[in-house]
Amino acid sequence: MAQASQPGLNRPKTQAGKMPYWVEPVFTIIAFSGFVIYALWEVLFHNMGTYHNYVSPFFSPDIAGWFGLHILTALYVAWMPLIFRFSCYYYRKEYYRAFSFHPFGCAVTEPKSHQTRHYNGEWKINNLHRYTWFLAVFVLIFLWKDVVQGFIFSNGFGVGIGSLILLINAILLTGYTFSCHAWRNMIGGRKDCFSCTTTHGPKQKPASYGIWQRVSALNVFHGWWAWASMFSVWIADLYVRLLMMGVIHDVRLF
Amino acid sequence: MAEEFVLSIFRGDAEGGEEVEYHVPRIEGMVVLDAVHHVQAHDAQDLAVRWNCKAAHCGSCSAEINGMPKLMCKTRLDEYQGETVHIQPMRTFPIIKDLVTDVSWNYEVAKKIPAFNPGVAAPFHMQQWDVDRIQEFHHCIECFLCQDVCHVLRDHHEQDEYYGPRFMVKMAEFEMHPMDRADRIPQIKNEGGIGLCNVTKCCTTVCPQHIHITDNAIIPLKERVADRYYDPIRNFFRKLGGKDENAKQETPT
Ligand code: SF4
Ligand code: SF4
Ligand code: FES
Ligand code: FES
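For the record, the sequence lines run as chains A and B. Going by our numbering, the residue at position 2 of the first sequence is 2; the numbering climbs one at a time, nothing skipped. For any residue, its number in our numbering is found by taking its place in the second sequence, counting from 1, and adding 1000.
With the rest of the complex left out, here is chain A:
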């Protein structure tokens, strides 16, 4: 069944001055689809992602290069952030709503097709999200290396638009990765009693408590980090791609 037991409106009415419920899932559909199509184009049709000192986040680290491979090089990297995001609690919310209509919006009746299919809840595989977090951190280390490299031009230190784009991208990805729910659990969320674990007496707050609190503060905006970092990866890659294609030229600020 996919119907409420009592009669009533099958979707909430839009309140004056508020967005209709369908705006968010429709935006999600457009943005995710756009990103996936772009990513496929980037991954399947390009083997290089470096323009002088700028490296596109799709091609870093150069895992293919480590093994002496030269084709589909982005593929060796892209799977890591892909499974990280696919199993992310925030993305789960977005795709269960937008793509599987479970539900499309709050208090929106599910489609008729759900009436004949049993609902089994979440995919169990998503419980492995914690492992993908380590992959994401691994990639992030290289992106920070790329940021440093982005400020070092052939004639020494400098700042270009590209350097700033890579820097902002790395900041947003760091915010996203370190506001993760699995990390929040690992760093202390799984403890019931922080004061019981400290060796300095129960009044002393252990370091893990402080970190857990900070992660929790970041976590409130996890959805924001998720969107912002997805778009920053997109922009950073597009910028490097357009430079490589000669469509645009990098502007050196100094």
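Each hint should be verified, as a subset may be incorrect.
Said to hold, decoys possible - Derived, one-sided and incomplete: chain B residues facing chain A with beta-carbon distance under 8 Å:
id	residue
1	Thr1092
2	Thr1200
3	Arg1224
4	Arg1228
Since the hints were made in silico from the structure, they are not lab data. Quantities reported herein were computed from a predicted structural model and do not represent experimental measurements. For glycine and all other residues, C-beta sits at the position ideal for the given N, C-alpha and C.
Take the given structure of chain A and dock chain B with the ligands to it, following the hints.
The following block gives chain B with the ligands in isolation, referenced to the frame of chain A:
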């Protein structure tokens, strides 16, 4: 500005019913429950509505206002300026009459949750900062709006498989308590059915107490379930060390 509000209230019971339109004079700052009371006093004395506090504290006046689960006493009518306001009973629970539903299923679930089990007799000492995180869960007023909106219960009728968001909050309240010695993880996973929640967050959206149900209760519990059941590396070390990492820590002094 219109001098009156137009309400369309569901009248009926389990046999069926329909919405009936009522006109209520406009009073500055009026909430939906005020208007329903006006209808009850002037137009339909037999209109059934459950309420107690008129202050968003008792959790009795839950209903669906223009299709969205809300407290009638916390929803101002001027938010619906110029519209007909549809008021219906909660759709997830069996209707008794008009706006009153039978929410007793929730009390049956509540009985299944083992009481707080401190292992030692009170009084005991805790650090305030250790219990800060569960204070949020104490704000619940048991309005059951989250249960009403949750698609697992509302659309899929999995009442026998899933306790619902309100009781995940209750579970979290005990599970994260520094003094609780009960092992609640198996129940949360199995009878509690936490895997049925797909973190779509509608419970959080409707909660009048602004409890971060999904982010602070359900997802941390899902992570604890994963710690226990879905983490092969953790399991390996648990077996190797012959200790259960999830066992409760020693009683603090
Ligand atoms: S987040 Fe989970 S519990 Fe809350 S409404 Fe959605 S499915 Fe139900
Ligand atoms: S968690 Fe919020 S929405 Fe759910 S019963 Fe408690 S107060 Fe109501
Ligand atoms: S929950 Fe979103 S990245 Fe882990
Ligand atoms: S009457 Fe008590 S919550 Fe509305």
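- Item | Unsatisfied constraints (hint numbers, rising) | 4
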